[in-house]
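Novice: Sequence:
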Amino acid sequence: MHSTSEEAVHAALAGRLAAIDGAIGRLEAAVGAPAEIDVAEVLEPAIAHVRETMRAYLAAAGDKAAPAPDADVLEVWKALVKGDPAWNAIRDSCRELVYYRNCLAAARRDALPAAAQRMAVRLARHVHLYVRTRCVREGRVAD
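Going letter by letter, the sequence shown gives residues 1043 to 1185 in my numbering.
Since the hints were made in silico from the structure, they are not lab data.
Glycine included, C-beta positions come from ideal geometry on N, C-alpha and C.
Fair warning: there could be bad hints in the mix.
To be verified - Label pairs and their in silico Cβ distance ranges:
1. Ala1053 - Asp1080: 34 to 40 Å
2. Asp1185 - Pro1076: 30 to 36 Å
3. Gly1074 - Pro1127: 21 to 27 Å
Using the sequences plus the hints, can you model the full thing?
Specialist: See below:
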């Protein structure tokens, strides 16, 4: 049986994950629309959703210190993986998003994959599903 405070933490986590899920869903709809959307329009929101998903897990688990709220997505990932190599499963997704951001910053759109906007959103969805599935498996959120 969970304590009341533990139930509150789990409810907060479920709420945060549901909100992020909805936000990623809106990005999915945007990149799936007939009018082509530019990667620059979805990349930063996708990265923010990945960062927020990982931060939500860190807050709920409570066993690791979360980096500053403005920390880069890779810094948040590093906080997760410390002492738990299972989080390496999402490393490449996080790194790919940072690569896209670096390509845009360097004006190297030619180095981006085809349909980078769709890939950015898929990467965000992948991380979200991985974290949510782990939360379900750990009993932090209901399936």
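Novice: At the C-beta level, are Ala1053 and Asp1080 separated by a distance inside 34 to 40 Å?
Specialist: Given about 37 Å between the Cβ atoms, the range holds.
Novice: Range hint 21 to 27 Å: satisfied by the CB atoms of Gly1074 and Pro1127?
Specialist: violated (34 Å)
Novice: Hint says 30 to 36 Å; check whether the CB-CB distance for Asp1185 and Pro1076 agrees.
Specialist: Since the Cβ atoms of Asp1185 and Pro1076 sit about 34 Å apart, the hinted range of 30 to 36 Å holds.
Taken one by one, the earlier hints fail for this structure only at number 3.
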